[in-house]
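> Residue numbers (numbering that gives the first Met the number 0), protein chains in the order written: chain A, 0 to 445; chain B, 0 to 445; chain C, 0 to 516; chain D, 0 to 516.
No lab work stands behind these hints: they were computed from the structure. Note that the coordinates shown come from a computational prediction; the quantities given were computed from them, not determined experimentally. Positions of the beta carbon are idealized from the N, C-alpha and C atoms, including for glycine. Errors might be hidden in some of the hints.
[Said to hold, decoys possible] Heads up, incomplete: computed chain B residues facing chain C, CB under 8 Å, no partners named:
| # | residue |
| --- | --- |
| 1 | Asp10 |
| 2 | Ser47 |
| 3 | Glu50 |
| 4 | Val84 |
| 5 | His87 |
[What the hints assert, rightly or not] Computed cross-link-like contacts, BS3-like style, restricted to lysine-lysine with a CA-CA straight-line distance of at most 25 Å:
| # | chain 1 | residue 1 | chain 2 | residue 2 |
| --- | --- | --- | --- | --- |
| 6 | D | Lys163 | B | Lys320 |
| 7 | D | Lys122 | D | Lys303 |
| 8 | D | Lys122 | B | Lys44 |
| 9 | A | Lys320 | C | Lys163 |
| 10 | D | Lys35 | B | Lys226 |
| 11 | A | Lys226 | C | Lys482 |
| 12 | B | Lys154 | D | Lys163 |
| 13 | B | Lys154 | B | Lys194 |
| 14 | B | Lys378 | B | Lys417 |
| 15 | A | Lys281 | C | Lys482 |
| 16 | C | Lys482 | A | Lys287 |
| 17 | D | Lys122 | B | Lys36 |
| 18 | D | Lys122 | D | Lys317 |
| 19 | C | Lys123 | A | Lys36 |
| 20 | B | Lys154 | B | Lys281 |
| 21 | C | Lys303 | A | Lys44 |
| 22 | B | Lys44 | D | Lys303 |
| 23 | D | Lys471 | D | Lys456 |
| 24 | B | Lys281 | B | Lys320 |
[Said to hold, decoys possible] Beyond 12 Å from chain C on every Cβ pair, some chain D residues (computed):
| # | residue |
| --- | --- |
| 25 | Pro22 |
| 26 | Pro25 |
| 27 | Glu157 |
| 28 | Val185 |
| 29 | Ala192 |
| 30 | Ala200 |
| 31 | Tyr310 |
| 32 | Lys317 |
| 33 | Tyr412 |
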Amino acid sequence: MSEFIPHTPEDQRAMLQAIGLRSIEELFADIPDEILKRYAPLGLKPLSELEVKQLLTQIASENLDPTRYVSFLGGGVYDHYIPSVVSHLMLRSEFFTSYTPYQAEASQGTLTWMFEFQTMICELMGMDVANASMYDGGSALAEAMLMARNITEKKRFLVARSLHPHYRQIINTYAWAAGLELIEIPYDSNGQLDKGSLKAHVTNELGGALVQTPNFFGIIEDLSNLKSTLGEALLCVSVHPISLGILRPPGEFGADIVVGEGQVLGNAPNFGGPLLGLFACKQAHLRKMPGRISGRTTDAQGRVGYILTLQAREQHIRRAKATSNICTNQALCAFAATLYLGLLGKRGLRRLAELITQKAHYLAYQIQSLRGFSLKWPKAPFFNEFAVQTPIPPAKLLERLRDRGYLGGLDLEPYGHKRTLLIAVTEKRTREELDGLVAALKEVSR
Amino acid sequence: MSEFIPHTPEDQRAMLQAIGLRSIEELFADIPDEILKRYAPLGLKPLSELEVKQLLTQIASENLDPTRYVSFLGGGVYDHYIPSVVSHLMLRSEFFTSYTPYQAEASQGTLTWMFEFQTMICELMGMDVANASMYDGGSALAEAMLMARNITEKKRFLVARSLHPHYRQIINTYAWAAGLELIEIPYDSNGQLDKGSLKAHVTNELGGALVQTPNFFGIIEDLSNLKSTLGEALLCVSVHPISLGILRPPGEFGADIVVGEGQVLGNAPNFGGPLLGLFACKQAHLRKMPGRISGRTTDAQGRVGYILTLQAREQHIRRAKATSNICTNQALCAFAATLYLGLLGKRGLRRLAELITQKAHYLAYQIQSLRGFSLKWPKAPFFNEFAVQTPIPPAKLLERLRDRGYLGGLDLEPYGHKRTLLIAVTEKRTREELDGLVAALKEVSR
Amino acid sequence: MRPGETIFDRGAPGRYGLSLPEPDLPSRPIEELIPKELLRRDDPELPEVSQIELVRHYTALAHINFGVDTGPYPLGSCTMKYNPRISEETARLPQFALSHPWQGETLSQGNLRLMYELGELLKKIAGLSEISLQPAAGAHGEFLGMLLIKRYFEDQGELARRRKILLPDSAHGTNPASAHIAGFEVIEIPSDARGMVDLEALRKNVDESVAGIMLTVPNTLGLFEEDILDITELIHEAGGFCYFDGANLNSIVGRARPGDFGVDIVHFNLHKTFSTPHGGGGPGAGPVAVGEKLAPYLPVPLVKQQDGRFYLEYDRPKSVGRLHAFYGNFAVLVRAYTYIRMLGDEGLRRVSENAVLNANYLKERLKPFYKLPYDRLCKHEVVFSGKGLAEGIHTLDIAKRLIDYGFHPPTVYFPLIVPEALMIEPTETVSKEELDALIDAFIQIVCEAKEHPELLKTAPHTTLVGRLDDVKAARQPVLRIPKAATRSLRSRPSSARSSYPPSEGPPAPSRPPSSLL
Amino acid sequence: MRPGETIFDRGAPGRYGLSLPEPDLPSRPIEELIPKELLRRDDPELPEVSQIELVRHYTALAHINFGVDTGPYPLGSCTMKYNPRISEETARLPQFALSHPWQGETLSQGNLRLMYELGELLKKIAGLSEISLQPAAGAHGEFLGMLLIKRYFEDQGELARRRKILLPDSAHGTNPASAHIAGFEVIEIPSDARGMVDLEALRKNVDESVAGIMLTVPNTLGLFEEDILDITELIHEAGGFCYFDGANLNSIVGRARPGDFGVDIVHFNLHKTFSTPHGGGGPGAGPVAVGEKLAPYLPVPLVKQQDGRFYLEYDRPKSVGRLHAFYGNFAVLVRAYTYIRMLGDEGLRRVSENAVLNANYLKERLKPFYKLPYDRLCKHEVVFSGKGLAEGIHTLDIAKRLIDYGFHPPTVYFPLIVPEALMIEPTETVSKEELDALIDAFIQIVCEAKEHPELLKTAPHTTLVGRLDDVKAARQPVLRIPKAATRSLRSRPSSARSSYPPSEGPPAPSRPPSSLL
Ligand SMILES: Cc1ncc(COP(=O)(O)O)c(C=O)c1O
Ligand SMILES: Cc1ncc(COP(=O)(O)O)c(C=O)c1O
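Sequences and hints are given; from them, build the entire structure.
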């Protein structure tokens, strides 16, 4: 481990002397003795790099070997292809070893991509302004709720029951913390938001509504008229950013705040973290938005540059009155997203979204043709993910599929949907693999 | 594939117009029609990056999975640990996307590490000057022979039979090409160079002798008195660079030219290529040395910088009379070696060499204690590799070991050594793995 | 590259940087699959660049970005230490990186083991008994800490009364912000002449309305809170909880445990103490360790072990719920685990020892030149004031001038209780030579401030852009490339001017050869 | 960083950059294992640096190195095209990278398949029937080609007579050098007014002493050898072989095959045409394809297939033997295979199409400004002369001045038959905007040459060091850090001056804010 600490004993001696101390211990003379004495070591011997690599390789091998399974898992995190250029540029250490660009002139690299990222997210979502990231899609939606509370000063919020169940848990936690009242809006027989129910809950007391599209069941919500129904209350929408390659963006439906899980944009699943919270809003709400923002400005000679701006919203200036407590965010994941969207570009994002749509629909069609299987909500439009009614309990199905090398999807029984399996498709799944899953489903459901 | 070629049809149109041509075809009007017509496509459709990644992953998986085998293979290529810093810095594209630093002022990065590399190689080998790399250890030895011919103007060379058999083949090929005469010097009952035989062949006609240490059997040669025996003829030695962490360098024995296989210095085995030819010589022979050399100089303001120097030796200046035809060499592998030696440093290289020596000797001791096994040359000193006499044919042994997850070494039967197995150890092999091999050997040789 | 150039300035319509597979199955028009009114009409204006254009753009941007790898980065409170490359390798092992949060416990034993073992180590480092790895950053951990206190008092039926969180005026901004979002009233306690919590003032504020106190130890002045045991006792006696902001743990790791201070809740900043890269502003990780009293309230799931099998514990009826969609920033946890395992006990001690040595050395050497408001033994960082160097010279000028010397500036204007604060944290990974060079630069700047103040006021001079106008940025915010410009920019032919050297154009004929770059 | 700074200037005695495992087994003193007289007494003077010092040093060095990722790199004859990042990923797949050359055919079916399939593709691209992937670079391939010819004539008993290799005076230096090492006599054939092989001169040299001819098509002037069919026929009639130097294959790939020119031997430069990175000067790969007549002489082993199983063929009694310790630069082959599979037929065509388009566009636009000795349709590159721009201005001055504009200079002073040659190869991966910017810079330099010639003569001005003295370097060669200095340098305290910005020190007070960097 000494490779990380340059000082030699000579260096230490010389420095102690300069300070006027005789020993390292004296550097800690201000810590009460009883505290120092109580210290108990961890019982860990140092490891060399080779040993730690062997150890971590061993631990990793106690997981499944991802190369041996074909995965149809989704439910908020998706296994998209990560372009080689993204991986490569993420390793440029001028980016990953820097911190929040407090000193703009020495951080133009970070500030420039942040500005690009904000532009791309606005374009995707059809919104006016975006920040440079939140912790994840779930907490971003919770922060949207807090922001809506701050804007409207109302404490009641409608929450779609078709939200990701974990997002709902996060929202419950944040709402409890902030003393907000939540009303759940059910979904209809098509798995879509029950707009009638929503309408019935719109009152003067309402701060906003939280909706997700595609929702947890993969179903694309129709956002039209929602904003007008809500009136003064804010429409907060959570999206799958790749779906916006083909889906009409929430901004066009009048959404006030749009958030989303950006992991899919060039970030590995990583067992669910780090994720990437996307966050955008209307211009009018800008000064209530949480998070870092990079803004364009100039120097004394008129040269264009970027700088963290509107910091008066933030905790280090506004302290208890800040729009949020967020400080360290998910910058590097946002950088990956910037690279990803830059590589795919205007044409590529649409093509990717189309490709995924085709694959998902092909698979859905094949599966629902199997005896005993059907689509749970056959009339509902979907993008990359769909719920299937299974002839036997999904848990059993999944176990048998696993033996055949498939991670067949997410069992929705624990979420109250008997014999329902949620299946996700990405561009990585080849036709052969889709057909393979269908064949395996046939076999294992006999 | 169009991601690699920026031009759009509009770009092409505008450019053709500027040139005054109407079509792309006209750009190829200078190629005889009959040639163009004979062209037959490969029958390959373009693949996207995702598809090619899937394809190559598939092909790779048709090899053994290296994580599932414990390897004791050596014989010229060794599986040493590659420090994370080496892998990381190798990916800095300012280095790997550049070429030979013809334009010094824009290539100070490359020229500086070359200069450092030359210094490190000289230090390791105890020599005066080194070049910036050759193709591999084998061809470097062949080039040493050609260089010795150019220096001495003699055509006869002694070649130790204990050289790596492939190196001997390369030397045969080069010698035949250059019209040189080779005399093989046998090894004695200790597997070491038969110095008596060598002495007997020293005449006025001799250009030099080619020796390897540790030799192909892993045995450390005693180079003392060799140079005085050779007289005017040049002593050319091939070394394992890590062994020089503890072994007396050939320079101290008066070697004229020292070469070696540098793969072990931070480069992966890569199925045997790219390798890294190391090459150093005495100051007196400098102007006959092949390969690129970086030299220190200054600019008009006296600032220090580096530049390719002594180019008058090289093919692009001297053409047919050049010291060698080498142009593109193994620069990036030499960069890895520079990083590797820089990281290990003065203290680390010795510690590494000691660690390997201890492990190899532990294993050798354990194996020769097994019934039916013995060391082939029990009195010969060795570093990382040793030959074992086996109770049953190695081919059979190896096959059975493979089933148990061991690549047990190299079968020397095809090289004329009945029931002989060459076993190599690196720092990556844990005691558990060494003991495992011993236990497995015991089992499979019953 | 030109100043201000973005990826939208490169490329041309029709170009792209990544090819995609052709559909390998029967396709139907999208309109037949998804109702037309749900489909997007106009494509988003994303860049249209070939791969080489994109790579060159971000390579050029990298060259104008300062990271730890570029040079010393003594950004106070941020612990900008060297980020081991081995951690980048281990975190990218495919069985970690490609593992899916829904793949189930059986297929995730490696992940769970790593989380479990990291949790055990962090608990020992904190001296506390339970842990959640879920928070994604320090502030997220603070928020969780506040929620735990809140749930506890709710559980005890005391919530209505326990509405105050105390914190020193030197606290980091996230502390009051976190307490506030959790619904608490924030009371700032002034610091005394020593730079520590004013015990008298604290006593005055401690009563049954106090839910807890948030402390940073050593505090943001880099000073060890000498009365820490008295403070924690005082709070406990009043029935409140003590929260420990772990941002400054680097100074005591391996030799003192917050739990031994009487602390009930600790958040770690793995991206500080345990050297996971800061990534331009994240991702980090902010695990929270607690004592037994608060353990039942930790979020779901926790990672547990039984008979060598690791599992996720969801059945925690008193839990505050969830703060993250899954289990926290797992890939960051892998890096921190790698680092701690390499250090071992000996390494942890050497971290704090050298971090504190460096800060004190710098303090002593700079003391004659800069105002030191609190001249005491410091821990891992030291706070000077930029005041009084020369007429009209501000801390910002000093910071910007340091950039010209090849250093990242320290944290400035924080903590708020030091006017014109310069908060310097060398970390243990700076070599003595580098530290001396940094000190020399600071001293040189003192001379410049007197003799050539304009040199400071107009600094930096060696960067692609000079000092940027933050007032303009905030007054007329331009926060994205204007819609119209995303397209039109691309027709400009000059956009592809190469980035090497990073100049706007060739030097004018009259300019002498320059040594820059 | 300071100009000239090396890793030996950093660090201090006792530091190191990588920890090693403690021995996990019983150790004995080394002297008991290896005789003392074989052991080294003094340690080699290697650097003594911590990891961060090393990483900062090479990060700083990267910043003063120009690569394809930095900007346009029109180095003629070198095909400095974009290097796809995907190839870096595929080449690093552990089953490739960690595979051992002795692991046997059974465990290497993937490697062998890749080599076999790449070989098949290259054979088709060459239009020839057999291939060896063993040569490590172009020149290595040339040497092999010469050996094949030599072995053939030896086999035929004609070696004594067949002692000449012909080549045009425009040939690359490796050609005569390779022929010479193989023991042939090298005869240079002059080029004619078209810049092509002077057919008359060639005829005069063709007789039964000719073993073969080495041709580069298009030649190093970038011109397609129009009489190629006549030339190959002439040589064949005399019983000789035609060798094709594939360095310039990028201009015809996907539309014309050397085999169809009547060529017998082709070497590829995979690091040129097939975009494997140049690595600062290698590794590359120089596979050699041949027709049936020479196939028996190829080196051992070749990769073969039978019934879907791949194997190495060693039993080749007529083989010239071996040129490489194993099978060539395998990891380079993986990259080339990746690239070719991504391109497919359509991509290969687009490569040559756009490479040639770019060269001709540049030629037409620069023609009014620079002397163009051979004004014809060119292929992938064009050769101008730097002569006559202005009194005392040389090609070197133009090249160095281009650096100030952010471009890598073209190849200079080659081919030798053009005085003051400027050999410009844009490649197909340069965008039109970048190409226009390059052209504009070239034109701007013409103006500067007349108006401010000193600006060229003292260029470059924007790099860390100015024009380096090559005469001094060669006269008093300093080729390593002097032994004594490796140690003493390390005690200097100034060595750690950070590298950002890459300046020698702060700007002098009088210096106005600069836009560089
Ligand atoms: C003292 C202190 N507390 C809390 C935080 C917040 O931590 P994070 O940025 O990880 O949310 C910081 C970070 O800068 C800090 O310095
Ligand atoms: C025309 C020509 N022939 C041969 C070579 C030699 O190829 P290599 O450098 O791969 O040995 C080169 C390389 O620069 C070349 O340009």
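> Decide, hint by hint, whether the structure agrees.
Hints versus structure:
1. Asp10: holds, 7 Å
2. Ser47: holds, 4 Å
3. Glu50: holds, 5 Å
4. Val84: Nearest chain C Cβ about 5 Å off; hint holds.
5. His87: At 4 Å from the nearest chain C Cβ, His87 (chain B) passes the 8 Å test, so the hint holds.
6. D:Lys163 / B:Lys320: holds, 15 Å
7. D:Lys122 / D:Lys303: holds, 14 Å
8. D:Lys122 / B:Lys44: Holds, because 17 Å separates the two Cα atoms, which is no more than 25 Å.
9. A:Lys320 / C:Lys163: holds, 15 Å
10. D:Lys35 / B:Lys226: OK: Lys35 (chain D) and Lys226 (chain B) at ~20 Å, within 25 Å.
11. A:Lys226 / C:Lys482: Holds, because 24 Å separates the two Cα atoms, which is no more than 25 Å.
12. B:Lys154 / D:Lys163: It holds: about 21 Å lies between the C-alpha atoms, which stays within 25 Å.
13. B:Lys154 / B:Lys194: Since the Cα atoms of Lys154 (chain B) and Lys194 (chain B) sit roughly 21 Å apart, the hinted pair holds (cutoff 25 Å).
14. B:Lys378 / B:Lys417: Satisfied, since the Cα-Cα distance of roughly 19 Å is no more than 25 Å.
15. A:Lys281 / C:Lys482: holds, 14 Å
16. C:Lys482 / A:Lys287: holds, 23 Å
17. D:Lys122 / B:Lys36: Measuring from Cα to Cα gives roughly 18 Å; hence the hint holds.
18. D:Lys122 / D:Lys317: This hinted pair holds, its Cα atoms lying about 21 Å apart.
19. C:Lys123 / A:Lys36: holds, 15 Å
20. B:Lys154 / B:Lys281: holds, 21 Å
21. C:Lys303 / A:Lys44: holds, 24 Å
22. B:Lys44 / D:Lys303: Given that 25 Å is the threshold and the Cα spacing comes to 24 Å, the pair holds.
23. D:Lys471 / D:Lys456: Within the cut-off at roughly 18 Å; holds.
24. B:Lys281 / B:Lys320: holds, 21 Å
25. Pro22: holds, 17 Å
26. Pro25: At about 23 Å from chain C, Pro25 (chain D) clears the 12 Å cut-off, so the statement holds.
27. Glu157: With a cut-off of 12 Å, Glu157 (chain D) remains clear of chain C, as the shortest Cβ separation is near 50 Å.
28. Val185: At roughly 39 Å from the nearest Cβ of chain C, Val185 (chain D) sits farther out than 12 Å, so the non-interface label holds.
29. Ala192: Correct as stated: the minimum Cβ-Cβ distance to chain C is 37 Å, above 12 Å.
30. Ala200: Given that every Cβ of chain C is farther than 12 Å from that of Ala200 (chain D), nearest at about 42 Å, it holds.
31. Tyr310: Consistent with the label, Tyr310 (chain D) stays out of reach of chain C, its closest Cβ about 31 Å off (over 12 Å).
32. Lys317: holds, 44 Å
33. Tyr412: holds, 23 Å
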